[in-house]
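A.B. asks: Model the placement of chain B on the given structure of chain A, informed by the hints.
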Amino acid sequence: MIDAYTSQVLTFIGINSILALSLYVTALAGQLSVGHAAFMGIGAYTSALLMTKLGWPFFVSAPCGALMGGLFGFFIGLPTLRLKDLYLAIATLAFNIIWVVIVMNVEVFGGALGIFNVPKVTNNGIVYVSLGIFLYFFYRLQDSRLGRAFRSIQEDEAAARAMGVNTVYYKVYAFTLGALMAAYAGALYAHFATFISPHDFEVDRSIEILLFVVLGGSQTYIGPVFGAAVLTLAPEVLRFLAEYRLLVYGLMFVVIMLLRHEGIIEEHTFAWRRWSKALRREGRESAP
Amino acid sequence: MSLLLEVCQVSKVFGGLKALDRISLKVEEGEIFGLIGPNGAGKTTLFNLISGTLPISAGSVVFKKREISRLPDYQICQLGIARTYQNIRLFGRMTVLENVLVGQHCRTQAGLWSTFLRLPAERAENARAQRVAEEWLDFFHLSTKRGEKASSLAYGEERRLEIARALATEPTLLLLDEPSAGMNPQEVRELNELITKIRNRGKTIFLIEHNMRVIMDICDRIAVLDFGQKIAQGTPAEVRADPRVIEAYLGREE
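Residue numbers (numbering that gives the first Met the number 0), protein chains in the order written: chain A, 0 to 287; chain B, 0 to 253.
Each hint should be verified, as a subset may be incorrect.
If the Cβ cut is set under 7 Å, some of the chain B residues that face chain A in the computed set are [stated by the list, open to error]: (1) PHE13; (2) ILE67; (3) ARG69; (4) PHE90; (5) TRP112; (6) THR114; (7) TYR154; (8) THR168.
With a straight-line Cα cutoff of 20 Å, these simulated DMTMM-like cross-link-like pairs (lysine to aspartate or glutamate) come out [to be verified]: (9) B:LYS63 to B:ASP137; (10) B:LYS196 to B:GLU66; (11) B:LYS148 to A:GLU207; (12) B:LYS148 to A:GLU261; (13) B:LYS148 to A:GLU265; (14) B:LYS196 to B:ASP241; (15) B:LYS148 to A:ASP203; (16) B:LYS148 to A:GLU106; (17) B:LYS196 to B:ASP219; (18) B:LYS144 to B:GLU177; (19) B:LYS144 to A:GLU266; (20) B:LYS148 to A:GLU156; (21) B:LYS144 to A:GLU261; (22) A:LYS83 to A:ASP142.
Don't read these hints as lab results, they were simulated from the structure.
In this text, a Cβ means the ideal position worked out from N, Cα and C, and glycines have one as well.
Bound-form chain B, shown alone:
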């Protein structure tokens, strides 16, 4: 396995608050890497820094041997990092299929004239984008909903659609921010299967989770954040036994 993402001494300061303090971690190609920690530990902030949503205060992020911490978010997406959000952010008034097609935007080129004149290149490109989008809709069992407005979907479907949209950008690394939030145990099991299947298709997955089922069942390695600092890292079994982790979650015995 080779190194895909390296977060190196990354810090983020909001006003006077240090949200992240010199975080370093490495994600290997093809693994499922989990990030856990109590609420407010800085997990989503770290995702926002990696994906370029927020500017980084100090440190660097290296993806595929390339420094990306100063790039705008849409370029980071083009390089192969796609994300989902903790509170789902779909394009509500666009259809399910259109949502996924937006994901194909950065893999296509058609501009004004080729659109207007319906040039063969545009038609071929559009057909290809449709194929990719349909394939992911199929994968997530959303094909029958393709013509519906995204805002009309049920909660679990919205979650799946958001992942489908991210995958349509053809990423190497997929950042999932609490994919199991609000799901029942049955849905969590299905989600675990889906995430494993995505990994088997050659994607690397970096996810934030609270749900221990997801962490213990599918993550190869995990890191733990608490108050903006990394307090542990290792396999799920190792981390579970780490006294500092137990302390962060449950408090110290007096």
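Only chain A is shown next, with the shape it has when bound in the complex:
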């Protein structure tokens, strides 16, 4: 059996993977969000409060947290999705900051201290079954009408519209889905950490989620999961370096980005047949 420490690292890898996927779905429709931690926080707080104050069971409170995140995503998405690229990123970042300030100053949310004694429910079973369901969803999305609509927007929004894709609808759709997933991951987090405070959901967490996707690679749904796993493991593996840990961690980012601009996992990383074909072709060409 695995010890408590390994089990905890595994839980964080699972939760972070779901967070990475939640940003991936938003990015799939060509949108950059630097406010996903706020949605995560909405899910965490909703589920924690429903359980501690109202005594609702986890299997109701966690989905409620997810829905609340989705609801916020929808209403934030409607006006802000008129913005493009960096402007959208800044709007979502501002939302994240505002959210933290509001939570800190409202008494029901426990202010800056947060909420203590959230019942511990989350275990690796729940986390990995959830992750599996999400992964299956992305697997199905790959070659589907919905997935193609998202990607066509990412490629060329005007051309997508001219081809009959209601781009506003699908952009809000992707943003809402992303918020919903992030909030669900937040609920899982709250019931694992047993203590949540506004500081857990600040902008640096949003940037961390963005790093999962960028470093792992945003061309496939495997990339973000891989990125989440690597970045969650790295600080643990590098623990022996003591005070040099963050230095090496940072260097690792730079090296990966230099070597692989599109992230560690690219589209053809798992296309073995393509690899072997390319190798054979190369062999033929180099033959005298």
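C.D. replies: Just chain B now, with coordinates in the frame of chain A:
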């Protein structure tokens, strides 16, 4: 033949510039209608207004007896008008087949749950979309490229793929913005054949062209724009003889 598209007193103003001034024209069902004119005459602007890419300043566009000038572009596409672009706009990182499948988007319905649960309706619909897409790829001799990224295609193939994608939306009216741009005479002849074949499949074609080979060989009627105004209309032979057209293209003899 019956009336398919009626552009009625349409104007477009950019800031203080009148790009189009009260343009009226009618496209009949089943014809190949050409639009020509010097650079900057407003041809692409007219296409942008018809397809809903740009809002119209004044006037109306009636398609299949329905006023469409206030509809968003994706709805106009659903009603049966598809277009291509002068500077090709494909979904570069999607495969050739996927590009054409996006065209089928507005003819299918599958949403989140049917996708996730792989409901029979979604599977049937997806299979049908694949069939339509493959058929158009075949038509444009692109079948062997179906798995390639659209951005990896040669120029002529990109042009054909863009038309295939537009046709996959199952339009009644196809707007082609300079389909022969950058093609050599041989490719232009092949393009002419393809356009005629598309028309024979029951599509109406409205195209912008500079290439006289395309205009004279396949267009049933043409209209001429100059400085945002329509200066002539008729069969290619009639228009070619029109003194105002000669003046617009070559200038007046002093």
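A.B. asks: It remains to establish, for every hint, whether it holds in the given structure.
C.D. replies: Taking the hints in turn, this is what the structure says about them:
1. PHE13: Not OK, violated: PHE13 of chain B not within 7 Å of chain A, min 17 Å.
2. ILE67: violated, 14 Å
3. ARG69: This interface hint is violated because 16 Å lies over the 7 Å limit.
4. PHE90: holds, 4 Å
5. TRP112: violated, 10 Å
6. THR114: holds, 4 Å
7. TYR154: Result: violated, 17 Å to nearest chain A Cβ.
8. THR168: It holds, given that the least Cβ distance between THR168 of chain B and chain A is near 5 Å, below 7 Å.
9. B:LYS63 to B:ASP137: violated, 30 Å
10. B:LYS196 to B:GLU66: violated, 29 Å
11. B:LYS148 to A:GLU207: Distance of about 31 Å is beyond 20 Å: violated.
12. B:LYS148 to A:GLU261: With a Cα-Cα distance of about 16 Å, the restraint between LYS148 of chain B and GLU261 of chain A holds, given a limit of 20 Å.
13. B:LYS148 to A:GLU265: It holds: about 14 Å lies between the C-alpha atoms, which stays within 20 Å.
14. B:LYS196 to B:ASP241: Since the Cα atoms of LYS196 of chain B and ASP241 of chain B sit roughly 30 Å apart, the hinted pair is violated (cutoff 20 Å).
15. B:LYS148 to A:ASP203: Distance ~36 Å between LYS148 of chain B and ASP203 of chain A Cα, so the pair is violated.
16. B:LYS148 to A:GLU106: Violated, at roughly 54 Å.
17. B:LYS196 to B:ASP219: With a Cα-Cα distance of about 14 Å, the restraint between LYS196 of chain B and ASP219 of chain B holds, given a limit of 20 Å.
18. B:LYS144 to B:GLU177: violated, 24 Å
19. B:LYS144 to A:GLU266: Distance of about 18 Å is within 20 Å: holds.
20. B:LYS148 to A:GLU156: Between LYS148 of chain B and GLU156 of chain A the Cα gap is close to 18 Å, so the pair holds against 20 Å.
21. B:LYS144 to A:GLU261: This hinted pair is violated, its Cα atoms lying about 24 Å apart.
22. A:LYS83 to A:ASP142: Violated: LYS83 of chain A and ASP142 of chain A sit about 26 Å apart, past 20 Å.
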